[in-house]
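*Asks:* Okay, here's what each chain looks like letter by letter:
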Amino acid sequence: MSFKRLVTLSCLLGSLLTFGSACTKKKPGEEAKASGGKGGPKVFYHLRTAEEKSIDPHKQFDAASALMVRSLYDTLFQYHYLKRPYDLQPALLEKMPEKKEGNTYLFTIKKGVKFNDNACFPEGKGRELNADDVIFSIKRFADHHVNDRSYTLFAGRLVGLDEFREKSKKEAKGFDYNKLDVPGLKKVDNYSFTMQFTSDSPLNLYPLAASQMSIVAPEAVKKYGDDFDKNPVGTGPFVMKTYSRRGTTVLSKNPNYWETYPTEGEAGDQEKGLLAAAGQKLPFVDEIQLPLIEEPQPAMLKFKSGQLHWVGINRDDFQAMIDRFDDKQFKLKPAFADKFSLYYAPSLSTTYLKFSFQDKLVGKNKALRQAIAAAIDYEGYINLMLNGRGYASQSLIPAEIAGSSKDTGSQWYKTDLELAKKKLAEAGFPEGKGLPELNIEYRSTSKDARQLFEYIRSSLGKVGIKVNGNFQTFSNFLKKTEAGNFQLADAGWNADYPDAENFYALLYGPNKAPLPNDGNFENARYDELYLKMKDMPNGPERFKITAEMDAIVKEEVPYVLLYNQIIAALLQKDVRNFKRHMMDEYPYKYFDVAPK
Amino acid sequence: MLAYLVRRILQMIPIILGVSLLVFLLFTTVGEDPVRMALGNHATPEAIAGLQAKWGLDQPLYMQYLAFLKQIVTLDFGESYTSGDKLSEMFGHGAIVSLWLTVPPFVVGLVLNLAIAVLIAFYRGSWIDRYSTFLFVAGMSISYLVYIMFFQYVFAFILGWFPINGYEPGLDGVPYLILPWIIITIVSAGPDIRLFRTVFLDETKADYVRTAFAKGCSPRDVMFKHIMKNAMIPVLTYTVINIPTLILGAFLMERFFSIPGTGDILITAINNGDFPIIKALTVLIAIGFTVFNLITDILYAYVDPRVQLD
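Order-wise, the sequence lines are chains A and B. Numbers 616 to 1211, taken from my numbering, label the letters of the first sequence in order. Numbers 4 to 313, taken from my numbering, label the letters of the second sequence in order.
Keep in mind the hints are simulated off the structure, nothing from the lab. Predicted model only: the values in this text are computed from it and were never measured. Idealized CB from N, CA, C, for every residue including glycine. Hints are all accurate, no fakes.
No more than 16 Å apart at the CA atoms, straight line, and that leaves these computed lysine to aspartate or glutamate pairs for EDC-like:
(1) B/Lys89 x A/Asp841
(2) A/Lys1094 x B/Glu35
(3) A/Lys1147 x A/Glu1163
(4) A/Lys896 x A/Glu874
(5) A/Lys784 x B/Glu49
(6) A/Lys1094 x B/Asp36
(7) A/Lys845 x B/Glu92
(8) A/Lys1159 x A/Glu1143
(9) A/Lys1095 x B/Glu35
(10) A/Lys729 x A/Glu874
(11) A/Lys837 x A/Asp747
(12) A/Lys1095 x B/Asp36
(13) A/Lys782 x B/Glu49
(14) A/Lys845 x B/Asp88
(15) A/Lys1194 x A/Asp702
(16) A/Lys1077 x A/Glu1046
(17) B/Lys57 x A/Asp763
(18) B/Lys89 x A/Asp842
(19) A/Lys725 x A/Glu743
(20) A/Lys1169 x A/Asp1031
Sample of chain B residues facing chain A (criterion: CB under 10 Å; computed from the structure):
(21) Pro37
(22) His45
(23) Ala46
(24) Tyr156
(25) Gly169
(26) Pro172
(27) Ser261
(28) Ile268
(29) Ile270
Bound-form chain A, shown alone (with noise of 0.2 Å):
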């Protein structure tokens, strides 16, 4: 090797880095840039932080494949884009079922209402979407071959139902669904058919606006088979450009879409220029490009530099970027505030503590998990642990929910450390003596958990309670905690609808697990007001019953409810009719891009 060679290789390095700046397609923001710009393609620039499972969407069971779902087809309900708390409106149908006789309802299909174009078509093109479309999807939801995952969702809320999903097991897989009749599921004519509830809940409406109960076009799944999640042909808003499940994504307009904008929403909308663009035709943007980005550095650099027109803020760039105020408000610092726009909003969602009641000391003492609740420093929690970016939970109901705790004044406890010491000596141990370490339990082995634990400890080694944190896998955490032998386990629950039935259901005495109580809490008096308020409309009435469940809950204490979290985005400053949306969390048909 000579000093000759040693030169060359040095040249030829030098030579790459020129190339890689030569070659460089887009410089930093140009994309983003481009996307408003007159005359071209309106472009929206998104990402994906992992990867889809599916996209077919009665196989679908994760947020990555929803956020693919949600966009490439239709449900038969879905919520209010701009309402609160969430509304279900009709789809894919004409307008909210009318009830007949008993538990059955007549739907009737929107007219005019077509399947993207592909070749699964006669020519090509996409025909009318009708009732046997509805029914086709409905059973293949149930079909035990497609879906493994989802099914609960709906089940047990349809007469014949799970028969169906029983004796699909027998059959073989890609059987022909004519040859099982689900006696609750009927056709009337082309646009209509009918559905007999086996209760007459409104619940039964919401897992119908679910994403895995999405319709699709028979002709699509017979000719691709296998492969139909690589090919969805559904009556979204847009249609799948090019699928690079590990690459870039895009997704192109379905110029054909049948929705528009809403012409109404909730109070300071209007203000806000939500209802600009009211009651014209969707979606706005012709293209969306949703590259593959898991890491949080790429992904805000990605953002700062102009690439990406929203993206999500994790801890370290909220406390960089992010003045907070005393009063859970939150601003961009004067650096970015020209530059970007922030949006923040409650999650769906509550974190907890939860006993377990098969533990002999936890779960028979409780004054002692009346100590524990009194001992944590929620604020300091939400203030150190999430930079603030969550409210102190005073019931289960997250506060966008009707019948949070703004409708039913519940309160939950404040930290009190005096009072904590009270109920500690009452529980047998005063100042703690006496009370062996407790447990709790932890889904993950990672620094979050490991921190959040540190804290929760340190709130209650002030009073005396030891814990100790049992940091694991999530398959161990699962089933130690499904069999009831834990004494504390770290839990949460987002909704699944933006019911409070969803939540109260968590404590409700039968839903033992596998259901979600899997602390076995029994309280006869909780069960039976949940089953009085379970099939109510919101409503005082509904709203008293629920207070009491809240006032069992704070004085049992089967939980330490901690918080309800704030989740917040960064936006470049050209996007438009932007509103977070918990049960449709990227509702790109709404979106536009302003002109430059």
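Fit chain B to the known structure of chain A by using the hints.
*Replies:* Frame of chain A; chain B shown alone:
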């Protein structure tokens, strides 16, 4: 030679069996339960049983292990638990991307690092040697992640010389790969140059070097014609044994630069409890190591005539 080859290939069988058994036991006893990972909270016993049956996890352990051995023999590792994609296709695409990411800096780095190591060894004890030793040790002490984050921030975001991340197949991908190539080259410089320098310096103490000087060879001739040739055996071992890892890509690099290679597949599989991917890649790498070990031994005979393959 043929007998040697046959013997070595036969010796590979218990090694692969051992690795496969270890991997299998590790993931079935200690690792995540893939069914629970897939179904999450509140899965019904029926759903759990259904998925276990679908993935063959309801079979006794020995049956599952035999099925795994069959996969190794046929090199058909089935499908991913999470996406249902065929692993052969996933690995095929991933390996090409990973090789595109790792081979250029591996080759350039090897040549460059050898050259620098020779240079440093040639000037041993001088300021060049001292300062470069300091520089490379300092470089080795910094985490790979720091290099990635720093270079991505400074050269891609602040200076805008490179795309922040992304990938396109073929030559279109080159602009996206240059920054990762540079980082890999720089990160590999410290350990490689330190090793190569030590090898070269060890050789300078050998008798044949003194003989060469006695015969009147110049220091440059001794270094390049005699020492370098003899130092090739450890260099060869180090280089060839690293080749299988190239297929695995560079985990963090692929993650941060959104390069869809095998390393990224593996990390995602670990996060998702996608056992088929993890066990297939582990066994394939083990096979790769044993094969390249064999190749190294064969190459010894060509590099050093004193080595006999018998």
